[in-house]
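These are the residues of each chain, in order.
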Amino acid sequence: MIIASQRPKLLASQHLLAVDDISPAEIAALLDLAQTYVVEDSAPSKRNSMLEGQTQVNLFFETSTRTQSSFEIAGKRLGADVMNMAVSTSAMSKGETVLDTAMTINAMRPNFLVVRHQSSGAVELLAQKVSCAVINAGDGQHEHPTQALLDALTIRRRKGAIEGLTIAICGDVMHSRVARSNIHLLNKLGARVRVVAPSTLLPTGIANFGVEVFRTMQEGLADADVVMMLRLQLERMSGSFVPSQREYYRFFGLDDEKLRRAKADALVMHPGPMNRGVEIDSNVADGAQSVIREQVEMGVAVRMAVLDALSRNWQGGVPL
Amino acid sequence: MIFPGFNNASQRKAYVNAQIVAPAQGLNGQGGILIEDGWILAVGPDVTKESQSIGTTIFDCAGMTLIPGLIDMRVFTGEPGTEYRETLATASVAAAAGGVTTMIVMPNTQPVIDDAAIVDFILRRARDTAIVRVAPMAAITRGLSGELMSEIGSLKEAGAVAVTDGTHAVANANLFRRALTYAKDFNMLVVQHVEEPSLSKGVMNASESASRLGLAGNPAMSEVIMLERDIRLVEMTGARYHASQISCAGSLDVIRAAKAKGLPVTCGVSIHHLTLNENDIGAYRTFFKLSPPLRSEADRHALVEGVRDGTIDVIVSSHDPQSADTKRLPFAEAAFGAIGLETLLSAALGLFHNEDMPLGRLVEAMASNPAKILGLETGRLAPGAPADFALVDTNLNWTVKESQLRSRSKNSPLEDCALEGRVVETVIAGRTVYAYAS
Numbered sequence: 000m001i002i003a004s005q006r007p008k009l010l011a012s013q014h015l016l017a018v019d020d021i022s023p024a025e026i027a028a029l030l031d032l033a034q035t036y037v038v039e040d041s042a043p044s045k046r047n048s049m050l051e052g053q054t055q056v057n058l059f060f061e062t063s064t065r066t067q068s069s070f071e072i073a074g075k076r077l078g079a080d081v082m083n084m085a086v087s088t089s090a091m092s093k094g095e096t097v098l099d100t101a102m103t104i105n106a107m108r109p110n111f112l113v114v115r116h117q118s119s120g121a122v123e124l125l126a127q128k129v130s131c132a133v134i135n136a137g138d139g140q141h142e143h144p145t146q147a148l149l150d151a152l153t154i155r156r157r158k159g160a161i162e163g164l165t166i167a168i169c170g171d172v173m174h175s176r177v178a179r180s181n182i183h184l185l186n187k188l189g190a191r192v193r194v195v196a197p198s199t200l201l202p203t204g205i206a207n208f209g210v211e212v213f214r215t216m217q218e219g220l221a222d223a224d225v226v227m228m229l230r231l232q233l234e235r236m237s238g239s240f241v242p243s244q245r246e247y248y249r250f251f252g253l254d255d256e257k258l259r260r261a262k263a264d265a266l267v268m269h270p271g272p273m274n275r276g277v278e279i280d281s282n283v284a285d286g287a288q289s290v291i292r293e294q295v296e297m298g299v300a301v302r303m304a305v306l307d308a309l310s311r312n313w314q315g316g317v318p319l
Numbered sequence: 000m001i002f003p004g005f006n007n008a009s010q011r012k013a014y015v016n017a018q019i020v021a022p023a024q025g026l027n028g029q030g031g032i033l034i035e036d037g038w039i040l041a042v043g044p045d046v047t048k049e050s051q052s053i054g055t056t057i058f059d060c061a062g063m064t065l066i067p068g069l070i071d072m073r074v075f076t077g078e079p080g081t082e083y084r085e086t087l088a089t090a091s092v093a094a095a096a097g098g099v100t101t102m103i104v105m106p107n108t109q110p111v112i113d114d115a116a117i118v119d120f121i122l123r124r125a126r127d128t129a130i131v132r133v134a135p136m137a138a139i140t141r142g143l144s145g146e147l148m149s150e151i152g153s154l155k156e157a158g159a160v161a162v163t164d165g166t167h168a169v170a171n172a173n174l175f176r177r178a179l180t181y182a183k184d185f186n187m188l189v190v191q192h193v194e195e196p197s198l199s200k201g202v203m204n205a206s207e208s209a210s211r212l213g214l215a216g217n218p219a220m221s222e223v224i225m226l227e228r229d230i231r232l233v234e235m236t237g238a239r240y241h242a243s244q245i246s247c248a249g250s251l252d253v254i255r256a257a258k259a260k261g262l263p264v265t266c267g268v269s270i271h272h273l274t275l276n277e278n279d280i281g282a283y284r285t286f287f288k289l290s291p292p293l294r295s296e297a298d299r300h301a302l303v304e305g306v307r308d309g310t311i312d313v314i315v316s317s318h319d320p321q322s323a324d325t326k327r328l329p330f331a332e333a334a335f336g337a338i339g340l341e342t343l344l345s346a347a348l349g350l351f352h353n354e355d356m357p358l359g360r361l362v363e364a365m366a367s368n369p370a371k372i373l374g375l376e377t378g379r380l381a382p383g384a385p386a387d388f389a390l391v392d393t394n395l396n397w398t399v400k401e402s403q404l405r406s407r408s409k410n411s412p413l414e415d416c417a418l419e420g421r422v423v424e425t426v427i428a429g430r431t432v433y434a435y436a437s
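Those protein sequence lines, which keep their order, are chains H and Y. Residues in the first sequence are numbered consecutively from 0, following numbering that gives the first Met the number 0. Residues in the second sequence are numbered consecutively from 0, following numbering that gives the first Met the number 0.
Possibly wrong hints are sitting among the right ones.
[Unchecked claim] Beta-carbon label-pair distances, calculated as ranges:
#, chain 1, residue 1, chain 2, residue 2, range
1, Y, Gly349, H, Glu51, 50 to 60 Å
2, Y, Leu147, H, Pro272, 27 to 37 Å
3, H, Met102, Y, Leu147, 37 to 47 Å
4, H, Pro242, Y, Asp127, 58 to 68 Å
5, Y, Gly201, H, Met273, 40 to 50 Å
6, Y, Glu401, H, Arg65, 39 to 49 Å
7, Y, Gly349, H, Met102, 31 to 41 Å
8, H, Asp80, Y, His352, 20 to 30 Å
9, H, Ala287, Y, Asp324, 51 to 61 Å
[What the hints assert, rightly or not] Here are a few chain Y residues that sit away from chain H, every Cβ distance over 12 Å (derived from the structure):
#, residue
10, Thr47
11, Glu82
12, Gly216
13, Pro218
14, Gly261
[Said to hold, decoys possible] Incomplete in silico selection of chain Y near chain H, CB under 10 Å:
#, residue
15, Asp119
16, Ser153
17, Ser208
18, Gly359
Hints listed in this document are in silico derivations from the structure and should not be mistaken for laboratory results. Beta carbons are placed, not taken as given, at the ideal position from N, Cα and C, and that holds for glycine.
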């Protein structure tokens with residue numbers, strides 16, 4: 000077993016809460032590390048004992064299938080004991096607060112707490128009160144840092160580098176933590192980032208996020224290297240932001256015709272779960288340019304890298 | 000109105016050699032105040048140590064500023080119903096320490112102050128337990144439901160100084176029109192929380208900061224739209240109207256236009272909105288979650304200018320005690336509100352020290368104007384007025400410490416802030432209710 004301190008430290012912070020908090024150098028180091036796990040993950044035996052004896056608790060206040068399984072597999076491949084807690088069905092329904100739940104779990108001395116919560120800032124709040132490493136697996140409409148990292152890894156592997164690429168993020172930017180994390184991360188790595196959405200789905204002041212704003216797919220996708228679609232988050236729509244799914248698909252759904260505006264070798268991405276026939280056409284989702292399933296594969300590697308990197312900041316349960 | 004049962008001190012006392020600031024009475028300079036039986040006998044440069052007869056207790060106030068006791072037009076307590084947050088008694092202790100001698104309490108209690116009997120309850124509880132004067136505003140609509148008008152006449156008769164739905168806007172235009180029309184017959188002031196509810200489902204100002212934090216925002220226009228609507232209804236009905244708190248530059252334009260037309264319109268601003276902005280929320284700090292939300296720095300500047308030039312009549316603390324249970328939550332789930340009674344004057348003195356405005360302007364906004372708007376006999380330094388005043392050391396430096404705050408709830412956005420200037424003695428009806436011990 001490798002002792003934590005013998006591996007070089009990669010991240011300055013005890014936690015991974017937001018892309019906004021990490022430097023381009025840290026991002027690059029995480030991606031390099033993740034790349035080594037992509038290779039390991041393709042071997043027949045994937046078990047590594049780096050985190051043996053360590054406990055990882057996946058604390059999901061909001062239901063998730065893919066992110067939670069991805070973190071679970073990542074932890075298990077590194078040898079950690081992984082426990083999943085679906086809080087929406089247990090303590091919270093008995094009136095316990097986020098902090099109480101977190102402090103209860105913390106008292107059981109986990110090494111990692113992977114947290115998803117429906118409120119922006121909730122993971123950061125919780126991180127202030129616990130003594131382990133906290134990984135943000137999505138907080139409200141704020142950030143989803145591991146998603147942005149896995150997207151970057153996918154792009155980097157396909158395109159060689161991210162710097163200079165034109166990347167169009169399309170759809171419900173307003174309600175999307177994936178969009179926010181990606182905008183921050185891709186900007187840090189030197190991409191030209193665009194957002195494409197009807198104005199009702201664009202957050203206030205988006206132009207100051209270092210993006211170019213487009214209101215039509217025709218303009219927004221022109222000569223793009225990457226087309227990143229977002230889920231139309233129906234469950235988050237408190238009002239009526241777009242008139243109908245049909246109209247949305249007509250103007251913002253990614254089909255072959257709209258995709259032709261982008262470069263011929265443009266990548267098509269989607270964080271999942273997809274609404275086929277709403278924001279993306281099945282032909283495109285399953286087509287030659289789609290790297291959607293590869294994103295899922297990269298997700299495991301990136302999360303292994305994050306667990307690995309954060310574990311280097313700890314020894315014997317205390318921050319180094 | 001007379002505050003029932005407030006015990007007046009009978010002793011004759013003179014506070015001399017102070018800097019007296021009471022611009023509404025034309026006082027701004029060295030002088031003293033002579034009081035007896037809880038009333039002011041004389042005030043001004045002629046009240047000196049030498050001019051006093053034998054038997055008068057003399058207090059030398061060298062280096063101190065003497066101002067009328069403050070009237071805070073927007074105070075929430077938890078009495079009745081949520082006394083764990085604050086009672087009239089605990090709020091009054093905080094008020095006294097901040098130089099606030101009259102608290103106007105909001106009807107957002109359980110039960111709601113929407114009935115003459117509850118107005119009476121508040122006045123009697125205040126008489127028995129509070130150390131400052133207390134008067135309630137009663138609800139415009141029964142149960143604050145925004146649906147049925149409350150008994151405005153009876154509420155006034157029982158001692159309510161105005162009607163308001165407190166933290167709720169009366170959204171129904173027709174109902175609000177009728178309430179204004181009816182209130183006018185009783186010469187009752189109608190106080191509105193200016194916010195169009197359908198545009199105000201967010202948790203902070205709608206801005207780039209909100210987008211970065213991933214929080215839903217309320218646009219400033221939500222306030223301006225409600226204010227515009229209300230002003231039209233005032234024009235139609237002629238009722239006396241007060242916008243409880245405005246928070247943005249756009250609202251100032253509306254108020255200026257209404258005043259220029261000669262409409263009976265006044266407005267207030269909270270001390271928080273004059274001294275803080277949306278960036279203070281930082282990493283989801285819920286003590287800065289307010290309604291209306293803290294706005295941009297440009298809005299804050301405009302509000303300061305609005306107080307300076309008299310467009311804004313009143314500064315309030317908007318004291319809203321919240322327990323840790325409702326604040327130690329993710330930002331979107333946390334309660335709105337911050338305490339401020341004890342720090343109101345000290346925070347406002349910051350505006351004086353920054354040379355944003357003269358001290359006299361602050362005194363008008365926190366004492367004489369509220370008295371005028373509400374028809375109170377306090378808030379002024381004049382012979383025949385109640386002897387309510389505060390002695391202030393404008394240069395005394397102190398730090399706000401959670402453990403030392405007197406309010407039962409500790410949700411102060413100024414926690415650990417260093418402030419310059421504070422009240423050193425508060426006198427109500429001639430009786431010292433607070434004295435600073437360093």
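Now the hints, each set against the structure:
{"no.": "1", "hint": "Y:Gly349 / H:Glu51: 50 to 60 Å", "in the structure": "holds, 57 Å"}
{"no.": "2", "hint": "Y:Leu147 / H:Pro272: 27 to 37 Å", "in the structure": "violated, 47 Å"}
{"no.": "3", "hint": "H:Met102 / Y:Leu147: 37 to 47 Å", "in the structure": "holds, 45 Å"}
{"no.": "4", "hint": "H:Pro242 / Y:Asp127: 58 to 68 Å", "in the structure": "holds, 60 Å"}
{"no.": "5", "hint": "Y:Gly201 / H:Met273: 40 to 50 Å", "in the structure": "violated, 29 Å"}
{"no.": "6", "hint": "Y:Glu401 / H:Arg65: 39 to 49 Å", "in the structure": "holds, 43 Å"}
{"no.": "7", "hint": "Y:Gly349 / H:Met102: 31 to 41 Å", "in the structure": "holds, 37 Å"}
{"no.": "8", "hint": "H:Asp80 / Y:His352: 20 to 30 Å", "in the structure": "violated, 58 Å"}
{"no.": "9", "hint": "H:Ala287 / Y:Asp324: 51 to 61 Å", "in the structure": "holds, 55 Å"}
{"no.": "10", "hint": "Thr47", "in the structure": "holds, 57 Å"}
{"no.": "11", "hint": "Glu82", "in the structure": "holds, 21 Å"}
{"no.": "12", "hint": "Gly216", "in the structure": "violated, 6 Å"}
{"no.": "13", "hint": "Pro218", "in the structure": "violated, 8 Å"}
{"no.": "14", "hint": "Gly261", "in the structure": "holds, 37 Å"}
{"no.": "15", "hint": "Asp119", "in the structure": "violated, 36 Å"}
{"no.": "16", "hint": "Ser153", "in the structure": "violated, 40 Å"}
{"no.": "17", "hint": "Ser208", "in the structure": "holds, 8 Å"}
{"no.": "18", "hint": "Gly359", "in the structure": "violated, 39 Å"}
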